[in-house]
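S.K.: In case you want the letters, here they are:
6 protein chains.
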Amino acid sequence: MRILVIIPIITKDFIKGTRERVEPYVRPDTKVDFVNIDYGTASIESEYDKALAAPFVIKKVEWAEQQGYDAVVISCMGDPGLQGAKQAVSIPVVGPGEAARQIAPILGENVVRVYPTGLTVLQLVDDTEKTYQILLENSKKALAEGAQVLILGCTGLHGLGKRLQEALGVPMLEGEGLALSLAQMFVDVGLTHSKRAYPKPPEKLRVYP
Amino acid sequence: MRILVIIPIITKDFIKGTRERVEPYVRPDTKVDFVNIDYGTASIESEYDKALAAPFVIKKVEWAEQQGYDAVVISCMGDPGLQGAKQAVSIPVVGPGEAARQIAPILGENVVRVYPTGLTVLQLVDDTEKTYQILLENSKKALAEGAQVLILGCTGLHGLGKRLQEALGVPMLEGEGLALSLAQMFVDVGLTHSKRAYPKPPEKLRVYP
Amino acid sequence: MRILVIIPIITKDFIKGTRERVEPYVRPDTKVDFVNIDYGTASIESEYDKALAAPFVIKKVEWAEQQGYDAVVISCMGDPGLQGAKQAVSIPVVGPGEAARQIAPILGENVVRVYPTGLTVLQLVDDTEKTYQILLENSKKALAEGAQVLILGCTGLHGLGKRLQEALGVPMLEGEGLALSLAQMFVDVGLTHSKRAYPKPPEKLRVYP
Amino acid sequence: MRILVIIPIITKDFIKGTRERVEPYVRPDTKVDFVNIDYGTASIESEYDKALAAPFVIKKVEWAEQQGYDAVVISCMGDPGLQGAKQAVSIPVVGPGEAARQIAPILGENVVRVYPTGLTVLQLVDDTEKTYQILLENSKKALAEGAQVLILGCTGLHGLGKRLQEALGVPMLEGEGLALSLAQMFVDVGLTHSKRAYPKPPEKLRVYP
Amino acid sequence: MRILVIIPIITKDFIKGTRERVEPYVRPDTKVDFVNIDYGTASIESEYDKALAAPFVIKKVEWAEQQGYDAVVISCMGDPGLQGAKQAVSIPVVGPGEAARQIAPILGENVVRVYPTGLTVLQLVDDTEKTYQILLENSKKALAEGAQVLILGCTGLHGLGKRLQEALGVPMLEGEGLALSLAQMFVDVGLTHSKRAYPKPPEKLRVYP
Amino acid sequence: MRILVIIPIITKDFIKGTRERVEPYVRPDTKVDFVNIDYGTASIESEYDKALAAPFVIKKVEWAEQQGYDAVVISCMGDPGLQGAKQAVSIPVVGPGEAARQIAPILGENVVRVYPTGLTVLQLVDDTEKTYQILLENSKKALAEGAQVLILGCTGLHGLGKRLQEALGVPMLEGEGLALSLAQMFVDVGLTHSKRAYPKPPEKLRVYP
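Residue numbers (this note's numbering), protein chains in the order written: chain A, 1 to 209; chain B, 1 to 209; chain C, 1 to 209; chain D, 1 to 209; chain E, 1 to 209; chain F, 1 to 209.
In short, the hints are calculated from the structure, not lab data.
Treat the hints with care, as some may be off.
Pairs count within a copy or across copies, as identical chains cannot be separated in the list.
[What the hints assert, rightly or not] 25 Å max Cα-Cα, derived SDA-like pairs, lysine to any residue: (1) K130 to Q165; (2) K60 to E137; (3) K59 to R19; (4) K140 to P28; (5) K141 to K200; (6) K60 to A167; (7) K140 to Y39; (8) K59 to T192; (9) K16 to T192; (10) K31 to Y132; (11) K204 to L143; (12) K162 to R206; (13) K200 to T117.
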């Protein structure tokens, strides 16, 4: 099967890291392609960024269906454009945010608080070691406050999930991989989102750049 | 004070009706301007349409702040782009959806179900009489099921709110007017949304059409 | 329009302060009168005080409607007698508690915890500077714990809201003004509480002091 | 032990029926007295009536404590004045509304909807047979909609609870008896409401009719 | 009336303590018997232990009904087997967990957090004085964090509830006694759990050790 | 990898059907074994049946870990023994109930009501055609009441899921397959339930048949 992973930013910096990160979740018979969006921002870390990215994520999802992809994953924990994309197409579209939030409760009581790093996304990926230390400290704080399962809040954090999970001894979920895994299962067994939940938008005048 | 009402579609059809509808909510010393967005759709009736409109609503909100407007109202019950717009600017931005949902409980237990008309937005405004009959029927159904306050679900329904309110004897809220009223009050007393809730997005590369 | 503000205590001490505090919310064409209740307590700071005040608030609301007032505001964050008053009359009755709670979420995530001052209401108004320092400290604690919008918990705190808002840089809501603003809007556009939510109590024997 | 049952209306009509109804819940060593309130209404069926009764219920509760009663039950499903009364005194005060709502889930999923009879309280007690038929019909409707436990909504319905329970084969709770039962247990084992939840109101000027 | 208290463990160690603890809740005309289960564990402190005990609790409940007991109390705050036991029989079955959780809100806002002692159940009963000190410390922490009513989390803590309640001045609920009290009331007035909530399981092949 | 599917009943009737049903979810490199429990019932359709099965499900899960299985699926929508089993072992244990409930919201708003067939489990599997007609009718009712995604409530319904999904055009989830799919993913990427959520029960006396 063929799955398209949309990295919803305009620079190619994250493609290599994403490919490495999701590899353990890709089955031998699955071909995964990675693509950026045409307009948008260099990273997504606000509702503002999400809104700017969303239409161009949706356009790529529509393109993926036309190209015959079997499913799409939107590679950002904020799931930008996810609801609109599900309305636009019939193939499964899965976001890492929804995947992590739904699977976490199976492994333990989910973390209910967000622990900000105090860095921008671009700073996060710049100094991996510093980022690791901040995440480790935040994780320990979360566990002290009762968390039982942790979710990595940014899909751009190359390889830190496994390292944190080993250091802490609790599940550390990475949304992209979970989303990719669900996407493959949906394709296998003929499941996709309900068109009663995400009806196809009626045709009308739409003027777009 | 000067308030900008953004009608988040690409056609000018709704400006006149919107102006008439919000008039009872405009105070003598308030000047209200109306503007469309540059790209988007002819109406908003899905998550898909909302996502397409959002970036261009946000651009207009940023423009409004630069032009010295005191506050902005986004004239659509779906509040497209509202969260991102609040992050982008410091002047109050109010959506009719949030205004109606928050004010309704002061007047009675809110309607918790959505009663679809079965028509597209453009059909709704085409045949006012037919639309009125459908809304009347839906309202009666809602009241029979326990609703105590009704909210008109589309801001494009010219003049039907008052007529329905009189026929039914229950409050029929029109979100645009409520949003405009809140916007004027916020300006009067120096209130705006909290920057702790809607922090200014950090500067970064943003490529846009 | 004429609006009656009921100060639900038996002493006249708070009238002057209340009048000053709500002034920015009063429109040029609105006449606001202030009145105490006939029996009750010197301040309201418990369920006990609220229960003692409630019947006499309701009596004043009934009197206001008979006198031709267009709307009523009950000037106490505890909204004593509000539900019964809405049942008794057809003109809008708005409480500062409900007004603040409903409007706050438009400006940011609401404060969910109550931070007590450790003073009685009468002590609060006695030493403004001490009260200001306590409120400032409580506010900082609330913000450190994640609050994004603050609500002044007592309507008797003359002029401290604006000062705190400027010192802290977050919205500090004063319920009385918001209630008065909503009351004016309701009168403007012919809205009042739903009689399906607040039906007129049936006539029967009622013996009252 | 001595328990005071306050019937929070101004007529003596309900005392005999109440005495009969709670009898199965009274233990041999318990002496129960019944008392009306000094001012208020002939029945309680609205927030308005509850507000009018509340201060005079509280006064009777304070009197009961002074008289050495061990506990108080407020005989009305609306629990008028209950919160204020718990603040005023240290002896247990129990309302039939809270008692029924808390005990029902032990016996099955509680009825979540209110089924109005369409009669006033005074009509309800006037024609017992008609009332029974209406309650039977309402109960069947509730069961058809999934209710597993029913609560009699008015404490004034003499002897109908047992008859309905036998006809329907599901638990039909009568709040007064449950409240009386809890009150006796609280006295037995030295429990009362927490003063952290219901702190004694501070002394201050209180002018009362 | 005759009530069976099932102590859902396999050792007889807790019978004497339980008998002493529930004594204040037993009425003169009630005969209470105590019994262990045939298979299971030496104490219950995990979902694992609860699952192991449940079938043998249910068997004892079925036996109690056959023997003519009027009601059953399962003496463990985890309420093991409670739902299945209610399905199996028609006499009231009450668990101390459900009893304490339902009655606590009548006395004040309930403690919403669990404060673990860091000891196993068997250690808890071994050194009463050490246990008391830990519970006292935990209770103070809970009160500092806003608790208004406390629930003793283990039914095996002989005599510590009253001592803690006196030291702290807040209600300290002991579930077993509350359950026993409710059970007696249910028998008195002919109440039991709804068979619509807990239908009798259909007959079928059941092979059991 | 090797996964054990526990069919938590005492008869072998469902093994063949289960094997066929989960086949589309099994990957080429996964070996799945099926096993019954030693004591329990012929089907599971009540809390009573679940309680009887739970200890013997847990025993089989412990045995699976000792035998070197990589993960376990409990093949019953009621997830009997699931919480205790997660405490007992370190390998992933997944229930079809939790799997379906968590994955459904990704595909649409979940069905919130249970639609009973009126048949026992054993009758359900006896007459497939009759069962299909009942399920089809129930599904249509659910869709008319707003459901967007359906979950097959019994894992014993051989092959009806796909047929219903095709007839109705909405996702019809089968929990066993989803659970098996999640189990395989957890093994692939080294995830299992958090031991902070499901701590290993301390050693103690446990006497068991």
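S.K.: At most 25 Å between CA atoms: does that hold for K140 and P28 within a copy, between copies, both, or neither?
M.R.: neither (36 Å within a copy, 39 Å between copies)
S.K.: Should K162 paired with R206 be assigned to within, between, both, or neither, using CA atoms and 25 Å as the limit?
M.R.: neither (44 Å within a copy, 32 Å between copies)
S.K.: For K140 and Y39, with the copy left unspecified, which applies at a CA distance of at most 25 Å: within, between, both, or neither?
M.R.: neither (38 Å within a copy, 41 Å between copies)
S.K.: When no copy is named, should K204 and L143 be tagged within, between, both, or neither for a Cα gap of at most 25 Å?
M.R.: neither (51 Å within a copy, 28 Å between copies)
S.K.: If the cut is 25 Å between Cα atoms, do K141 and K200 qualify within a copy, between copies, both or neither?
M.R.: Result: close only across copies, 23 Å inter versus 44 Å intra.
S.K.: Since the copies are identical, ignore which copy is meant and state whether K60 and E137 lie within 25 Å (CA to CA) inside a copy, between copies, both or neither.
M.R.: Neither way: K60 and E137 sit 37 Å apart in one copy and 39 Å across, limit 25 Å.
S.K.: Within a copy, between copies, both or neither: where do K16 and T192 come within 25 Å Cα-Cα?
M.R.: For K16 and T192, neither the intra-copy (28 Å) nor the inter-copy (27 Å) Cα distance is at most 25 Å.
S.K.: Indicate which option fits the pair K59, R19 if close means a Cα-Cα distance not exceeding 25 Å: within, between, both or neither.
M.R.: within (22 Å within a copy, 34 Å between copies)
S.K.: Could you figure out if K200 and T117 sit no more than 25 Å apart (CA to CA) within one copy, between two copies, both or neither?
M.R.: between (39 Å within a copy, 17 Å between copies)
S.K.: With identical chains treated as interchangeable, where does the CA-CA distance between K59 and T192 reach 25 Å or less: within a copy, between copies, both, or neither?
M.R.: within (19 Å within a copy, 35 Å between copies)
S.K.: At most 25 Å between C-alpha atoms: does K60 with A167 qualify within a copy, between copies, both, or neither?
M.R.: neither (38 Å within a copy, 31 Å between copies)
S.K.: State whether the alpha carbon distance between K130 and Q165 is at most 25 Å within one copy, between copies, both, or neither.
M.R.: Within one copy only: 17 Å inside a chain, 36 Å across chains, cut-off 25 Å.
The structure is inconsistent with the numbered hints 2, 4, 6, 7, 9, 10, 11 and 12, although it conforms to all the rest.
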